Amino acid sequence: MDKSISNSYILIVDDNSMNREILSDILSSTYNILTAADGEDAIDILSKHKDEIILVLLDLVMPKVDGFEVLRVANKRKWSRDIPFVVISSDVTPENIQKAYKLGVQDFVGRPFVEAAVKEKISSVIKAFAKQQFLIETLYNSVIEREKNSSMLVYMLSQMVEYRNGESGDHVRHIGLITRILLGKLMEIDKSYKFTEEEVEQIVLASAFHDIGKIAVPSEILNKPGRLTPEEYNIMKTHTTIGFEMIDSLSEYQNEKLVSYVKDICHYHHEKYDGRGFPCGLVGDEIPIWAQIVSVADVYDALTSKRCYKDAYSHEKSMNMIFNNECGVFNPLLLKCLEAAGDEIKFRYESDEGQTQEARIKERIMSLFNQMAEGSN
Amino acid sequence: MTIQEFYSEIGESFEDMLARFASPERIAKYVRMFLLDDSFSQLSTSLPAKDYQLAFRMVHTLKGVSANLGFMKLFDKSVVLTELLRNEQYDADLMTPFNEIKEQYEKIVSLIPQLS
Numbered sequence: 001m002d003k004s005i006s007n008s009y010i011l012i013v014d015d016n017s018m019n020r021e022i023l024s025d026i027l028s029s030t031y032n033i034l035t036a037a038d039g040e041d042a043i044d045i046l047s048k049h050k051d052e053i054i055l056v057l058l059d060l061v062m063p064k065v066d067g068f069e070v071l072r073v074a075n076k077r078k079w080s081r082d083i084p085f086v087v088i089s090s091d092v093t094p095e096n097i098q099k100a101y102k103l104g105v106q107d108f109v110g111r112p113f114v115e116a117a118v119k120e121k122i123s124s125v126i127k128a129f130a131k132q133q134f135l136i137e138t139l140y141n142s143v144i145e146r147e148k149n150s151s152m153l154v155y156m157l158s159q160m161v162e163y164r165n166g167e168s169g170d171h172v173r174h175i176g177l178i179t180r181i182l183l184g185k186l187m188e189i190d191k192s193y194k195f196t197e198e199e200v201e202q203i204v205l206a207s208a209f210h211d212i213g214k215i216a217v218p219s220e221i222l223n224k225p226g227r228l229t230p231e232e233y234n235i236m237k238t239h240t241t242i243g244f245e246m247i248d249s250l251s252e253y254q255n256e257k258l259v260s261y262v263k264d265i266c267h268y269h270h271e272k273y274d275g276r277g278f279p280c281g282l283v284g285d286e287i288p289i290w291a292q293i294v295s296v297a298d299v300y301d302a303l304t305s306k307r308c309y310k311d312a313y314s315h316e317k318s319m320n321m322i323f324n325n326e327c328g329v330f331n332p333l334l335l336k337c338l339e340a341a342g343d344e345i346k347f348r349y350e351s352d353e354g355q356t357q358e359a360r361i362k363e364r365i366m367s368l369f370n371q372m373a374e375g376s377n
Numbered sequence: 001m002t003i004q005e006f007y008s009e010i011g012e013s014f015e016d017m018l019a020r021f022a023s024p025e026r027i028a029k030y031v032r033m034f035l036l037d038d039s040f041s042q043l044s045t046s047l048p049a050k051d052y053q054l055a056f057r058m059v060h061t062l063k064g065v066s067a068n069l070g071f072m073k074l075f076d077k078s079v080v081l082t083e084l085l086r087n088e089q090y091d092a093d094l095m096t097p098f099n100e101i102k103e104q105y106e107k108i109v110s111l112i113p114q115l116s
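Protein chains in written order, with our numbering: chain A, 1 to 377; chain B, 1 to 116.
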């Protein structure tokens, strides 16, 4: 975005020296030029100078690393998000055109080169791309600002509950993290489950509220180090219904999906797949899948964390306990998801390094833009 | 020989080139660069050696270069061979189109040194 012209470059990638010469001649009065004679060279230059390069002119047919491979690498390393790629190949078969566009190419420069046309094309691609970048950036900033506020509020609210619980704020973050991963795996493993990105965000957000009913449970019970008496346990169990009723008594927003996710998750996150959970004793898929997911996440985090009544168990031990039904029976499909997600969860816990909210939002906006562009074609 | 005379000597349109590049000096520079391009010489060794992948890349390059320079006859002949090789029609008569390329190529290359 803030690439000033003085240190901005166009990278010309072509194995043919005459093409490089002609394009350099055409463009050097307006832009600084870098050249690469093959794909390998191009990737090398891009990794060193990606911040100064404002456009890449790319040949497709080249020895060793060809233009398609350069595009693949550029996508993988996210260069194509910041730099427009324009194809200069004369090999414009329908398959190649389609393949190149699929790999994120912005445009094609026709052969043989016509000086005025090349100049106009390059300048219009740079302008259009800058405009798009500007829109994404603007949208991104305003979305970030708003999402930041709402996630701060959620974090503060849920912290109130956790604080009384003597649990760290990590619990809420962890539940959100696992919920997101499990939802992803679920959609991967069983295609009949479909959630939009919006719904995923809402379910993850809603997961933070699962224990909100605990504010109505006396803290002597909440923080009792020993075993609860049957009476105490019954009171403890009410946090599910109370959480549900609290949100259900909101006079507004009852038709919002987020609110219904929160209500379900509060109400049903202690139900078990075999009907032996509480408060309703729902069986199988009578329990909404989002509540089942949060339930798995809740148990996993409870096992791997230190609590007033127990030490932290290792990832491996916790997984074993869950798979052996030592913490109640879960949906076999979700156990499959948990198994598939095991390494990722463990890694994220240990490194505490998730995809940041900012990066996720940017990704979402980019995909929205791409959808928009595809729709308008 | 001027660059204009060169084009009329090989039977190609200098006007088309001028419309594309607007500078006779630069056109002459590119034409001289044609002597440095080794795609023809690599084509003439790889094709008889049946190294068809290399031959394809070379004739493909030659096709692009000749289009750039407005050598349309050479371009047309290169298209024929490029497509045969692209479609892996290795049993087809490849030498006839190659010889036509060779004839055009040699004519052009012999005239370039006479450019003033």
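If you're looking for bench data, these hints aren't it; they were derived computationally from the structure. Certain hints may be false.
[Said to hold, decoys possible] In silico DMTMM-like cross-links for lysine to aspartate or glutamate, where the CA-CA straight-line distance does not exceed 20 Å:
1. B:LYS29 / A:ASP274
2. A:LYS64 / B:ASP16
3. B:LYS73 / A:GLU147
4. B:LYS107 / B:GLU12
5. B:LYS29 / A:GLU115
6. B:LYS73 / B:ASP51
7. A:LYS148 / A:ASP190
8. A:LYS64 / B:ASP38
9. A:LYS336 / A:GLU115
10. A:LYS336 / A:ASP274
11. B:LYS29 / A:GLU21
12. A:LYS119 / B:ASP16
13. B:LYS50 / B:GLU83
14. B:LYS29 / A:ASP25
15. B:LYS73 / B:GLU9
Predicted model, so just to flag it, every value in this text is computed and none were measured.
Status of each hint after checking the structure:
no. : hint                : in the structure
1   : B:LYS29 / A:ASP274  : 82 Å, violated
2   : A:LYS64 / B:ASP16   : 35 Å, violated
3   : B:LYS73 / A:GLU147  : 63 Å, violated
4   : B:LYS107 / B:GLU12  : 12 Å, holds
5   : B:LYS29 / A:GLU115  : 15 Å, holds
6   : B:LYS73 / B:ASP51   : 25 Å, violated
7   : A:LYS148 / A:ASP190 : 32 Å, violated
8   : A:LYS64 / B:ASP38   : 18 Å, holds
9   : A:LYS336 / A:GLU115 : 59 Å, violated
10  : A:LYS336 / A:ASP274 : 17 Å, holds
11  : B:LYS29 / A:GLU21   : 10 Å, holds
12  : A:LYS119 / B:ASP16  : 18 Å, holds
13  : B:LYS50 / B:GLU83   : 16 Å, holds
14  : B:LYS29 / A:ASP25   : 11 Å, holds
15  : B:LYS73 / B:GLU9    : 13 Å, holds
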